[in-house]
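In the order they appear, the protein sequences are chains A and B.
If you count by the working numbering, then the first sequence holds residues 94 to 725, one letter each, in order.
If you count by the working numbering, then the second sequence holds residues 18 to 190, one letter each, in order.
No wet-lab data here; the hints were simulated from the structure.
Note that beta-carbon positions come from the ideal geometry of N, C-alpha and C, so glycine has one too.
Any given hint could be a false lead.
What the hints assert, rightly or not - Here are the simulated DSSO-like pairs of lysine-lysine, each with C-alpha atoms no more than 30 angstroms apart in a straight line:
| hint | chain 1 | residue 1 | chain 2 | residue 2 |
| --- | --- | --- | --- | --- |
| 1 | B | Lys39 | A | Lys476 |
| 2 | B | Lys126 | B | Lys55 |
| 3 | A | Lys476 | B | Lys161 |
| 4 | A | Lys623 | B | Lys174 |
| 5 | A | Lys575 | A | Lys623 |
| 6 | A | Lys476 | B | Lys174 |
As the list claims (entries may be wrong) - From chain B, some residues computed to sit far from chain A (all C-beta separations above 12 angstroms):
| hint | residue |
| --- | --- |
| 7 | Leu29 |
| 8 | Glu53 |
| 9 | Thr149 |
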Amino acid sequence: MIGEISHFLSLSAVLLLSLILIFNLFFSLNKFHPNQLMLSMRLFNQACWLVFISFGMYVYLAISDDFSIAYIASHSNSQLPIFYKVTSIWSAHEGSMFLWIVFLTAWSILFVNSLDKNHPLKKLTLLMLSLIILGFLLFLLLTSNPFERILPFGAIEGADINPILQDPALAIHPPMLYLGYVGFVISFSFITAYLLKGDFELQWEQDIKNWSFVAWIFLTIGIALGSWWAYYELGWGGYWFWDPVENVALMPWLAATAFMHSLFASSKSNVLKTWTMFLGILIFVLSLFGAFIVRSGIIDSVHSFATDPERGLYLLSFSGLITLLALSIFAYRLPDLNSSKLVVSGSKESFLSMNNILMITGIFSIFLGVTYPLIIESMSGEKVSIGPPYYNTIFSPLILIAAIFIMISVDALWQRSMSLKALFISVTAPTLLSLLFLYLIWRATAVFSILAYIGIFSGFLILFSYLFRMINNFFNKKYINKGSAVAHIGLGLLFFAVSMNSILSYEKNLNLAPGESISVNESLQEFSFKDIRVFKASNHDVISADISFLHDGREISLSPQKRKYATRGQITSESAIHTSVLKDSYLTIGDQLENGSWTFSLKINYFIKWIWFSAALMVSGMLLTIFKKKVL
Amino acid sequence: MNQLLRFLIVILPILIVVFFAKVLLVDEEIKFANFEAKNFPAFQMNDLSGNPVKAESLDGIKLVNVWASWCVTCLVEHPFLTKLSKNDIEIIGLNYKDADSKANAWLQKHGNPYLFSIYDPRGDLAFDLGVTGAPESYLLINNKVIGHIQGEMNQIKWETAFLPLIEKAKQGS
Chain A
94 MIGEISHFLS LSAVLLLSLI LIFNLFFSLN KFHPNQLMLS MRLFNQACWL VFISFGMYVY
154 LAISDDFSIA YIASHSNSQL PIFYKVTSIW SAHEGSMFLW IVFLTAWSIL FVNSLDKNHP
214 LKKLTLLMLS LIILGFLLFL LLTSNPFERI LPFGAIEGAD INPILQDPAL AIHPPMLYLG
274 YVGFVISFSF ITAYLLKGDF ELQWEQDIKN WSFVAWIFLT IGIALGSWWA YYELGWGGYW
334 FWDPVENVAL MPWLAATAFM HSLFASSKSN VLKTWTMFLG ILIFVLSLFG AFIVRSGIID
394 SVHSFATDPE RGLYLLSFSG LITLLALSIF AYRLPDLNSS KLVVSGSKES FLSMNNILMI
454 TGIFSIFLGV TYPLIIESMS GEKVSIGPPY YNTIFSPLIL IAAIFIMISV DALWQRSMSL
514 KALFISVTAP TLLSLLFLYL IWRATAVFSI LAYIGIFSGF LILFSYLFRM INNFFNKKYI
574 NKGSAVAHIG LGLLFFAVSM NSILSYEKNL NLAPGESISV NESLQEFSFK DIRVFKASNH
634 DVISADISFL HDGREISLSP QKRKYATRGQ ITSESAIHTS VLKDSYLTIG DQLENGSWTF
694 SLKINYFIKW IWFSAALMVS GMLLTIFKKK VL
Chain B
18 MNQLLRFLIV ILPILIVVFF AKVLLVDEEI KFANFEAKNF PAFQMNDLSG NPVKAESLDG
78 IKLVNVWASW CVTCLVEHPF LTKLSKNDIE IIGLNYKDAD SKANAWLQKH GNPYLFSIYD
138 PRGDLAFDLG VTGAPESYLL INNKVIGHIQ GEMNQIKWET AFLPLIEKAK QGS
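Excised from the complex, chain A in its bound form (with noise of 0.2 angstroms):
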């Protein structure tokens, strides 16, 4: 009954909004008539809060094991935890679909009662808002609805959820994504609001700006919380696979970075309007796409659901339909909007624009590379994988370059052109210490690698400018913007540490028998195997080694096990982990040889913490940002 109950209700909502956008066909766009928008509104909060209860109504549905509901049977169970039991909804298509959409909804009806009742844009931003909600609830319950019954007779127990998304760092990965992703429906709305109204005086910037700002910092942990899940969780072994649903992933981000950075520039010097305007549309765009790829089953990946082409058709048609809905507005006002104000040259928004075209070109190859397979096998039948090695090629350069402009424009003014004596006094001292530290590393590791070397060099210069400015901020008072300072130096933290990870790394296959005891290298010594043991647990087997070594003078141990299930015969391998600060040292016993010694794994994974530090000194430089009192 409450399954019902909460079927309709999300099916009164989608008339309520077809209803707003039915009765607002009835007056002119353009026109201000306070009883109509109070009307669309009281509809607009009704819609939403429908959604909201709803929504709960099914996290009750799963709480309570109702196994009627083919979703909640064939991702739940009753043994789960009540808190696995909510994370279940969103494990599959149908039920984070749903989350997707409460998000959607969420920051939707936030945003349009945060705007004043009188603001001339919060007709129509409403009215963008309702569309966009109605056509992804259509999508749900006519495609993939979550609340269908197992007729006439219910499961009687759950299929349980995958045992690898019980885990903590799922549970809140894809909701922060999507609140990050769906966040960006505010400054799409907006700026298609703004278009529409064709009211160019307005000012459109101030009123999105901390929005689009709190999905960035979504959209920033929830990419690093599933790196972090891929090496801890699924140990992989990696962080980062360049899988199509990870490259969708970083398309928006870059694009919302892009934005972020333009919206400095073109609120502090009305500058770059037009191209702002163009990558507020793009986000959500590209967050669109993202969806797209990962439901329909266009491209098989780590992430992709169980699908059927229906979905994916209606996703594109539907989403193709809002962003030529939202571009043709905006290539028809196209003419109107070229500011008459050009960047000045040397000044900080030219080399913020420049590191604007880096990352449309990052977007643009990320697109390139998630779409080439797909029109080579329509064109020839042929299968192409892409994989890192394309990927890295492209950005290590596009990396250096955008350190490079990040290093100028440190000391860069806005709106005045820099001197070129000026230019040549802040960036000596960075090169000169990157160079010389990147001579440090060489020598220590006597490991070559170009690419890497181009990622740790950019690291540094940006690591440096930062600091000198600190340094100089410290003792001359200069102004230093904190925010954009500790995210930066999350930035080249993370260019550091990512190629750092990327030379120093390594595995190594080591035959050992119990007793002996070798030096791997010149940081690993007295590798010694002392003891192996057999013991009983309940239904199972142990076979463990313990194993101890000196990793550049400090001693670890480690007890890697092999299980033997006395049932089937299975035989499983659990690696031991050991994590400092500098590095991860990860190991797994192998098989015993003819000659009685074991074979063993050993990973060394260097930097790997240091990855997600930087994501956080990123995000905590937004939310310095945000909360300083001055902005802008």
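Got chain A sorted already, so can you dock chain B onto it with the hints?
Relative to chain A, chain B alone:
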């Protein structure tokens, strides 16, 4: 210039949408017909219990199925693969971007239709093979890949795509 820009802003998304619609609607049959036989990539890997995989173990008629414990669709096709493994064909698993402990636990829970599973935690072999994700299935005859299916393996795909190939190969030999 401005006119061209305005035109592009509208026409590019339309082209992209049309392209994806076309890809979505492409008949699966055509994909099978276009497949070109190629050699199975050379590899040196262990199976899930840690033993090295011998190249000879791929001789004869084999089905190589890419799977992982995190893969939802793999669970969907699992009963059908189990059925196939009983009397139709020998199946070799390619455990893709997974952790061996989790993969073994998965097999223990759901049953093991595979002769053995090649353990490919980083997806190296899968990359050489052209795998885009799990599940995927490859039909092998004497170390040559002669057929490929993306996504869930089921009765219809088995009968339309792989059975004719197997019969042809048997007649040939």
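Below or equal to 30 angstroms on CA atoms is what counts here, so check lysine 39/B against lysine 476/A. With a Cα-Cα distance of about 17 angstroms, the restraint between lysine 39/B and lysine 476/A holds, given a limit of 30 angstroms.
**Report entry** Given hint lysine 161/B paired with lysine 476/A - CA-CA distance at most 30 angstroms
**Finding:** 16 angstroms, holds
Please check whether the beta-carbon of leucine 29/B is more than 12 angstroms away from every beta-carbon in chain A. The claim breaks: leucine 29/B does not keep its Cβ more than 12 angstroms from every Cβ of chain A (closest is about 9 angstroms).
* Asked: Is it the case that threonine 149/B keeps its Cβ farther than 12 angstroms from each residue Cβ in chain A?
  -> 5 angstroms, violated
Holds or violated: lysine 126/B to lysine 55/B, with C-alpha atoms at most 30 angstroms apart: 35 angstroms, violated
* Please work out if lysine 476/A and lysine 174/B have their alpha carbons no farther apart than 30 angstroms. => Distance ~19 angstroms between lysine 476/A and lysine 174/B Cα, so the pair holds.
Item to complete: Taking the shortest Cβ-to-Cβ distance between glutamate 53/B and chain A, state whether it exceeds 12 angstroms.
Response: Violated: least Cβ distance 7 angstroms, not greater than 12 angstroms.
Item checked: Given hint lysine 623/A paired with lysine 575/A - CA-CA distance at most 30 angstroms -> Roughly 52 angstroms between the alpha carbons, so the hint for lysine 575/A and lysine 623/A is violated.
Is lysine 623/A close enough to lysine 174/B, meaning Cα to Cα at most 30 angstroms?
-> 53 angstroms, violated
Comparing the model with each numbered hint stated earlier shows that hints 2, 4, 5, 7, 8 and 9 do not hold.
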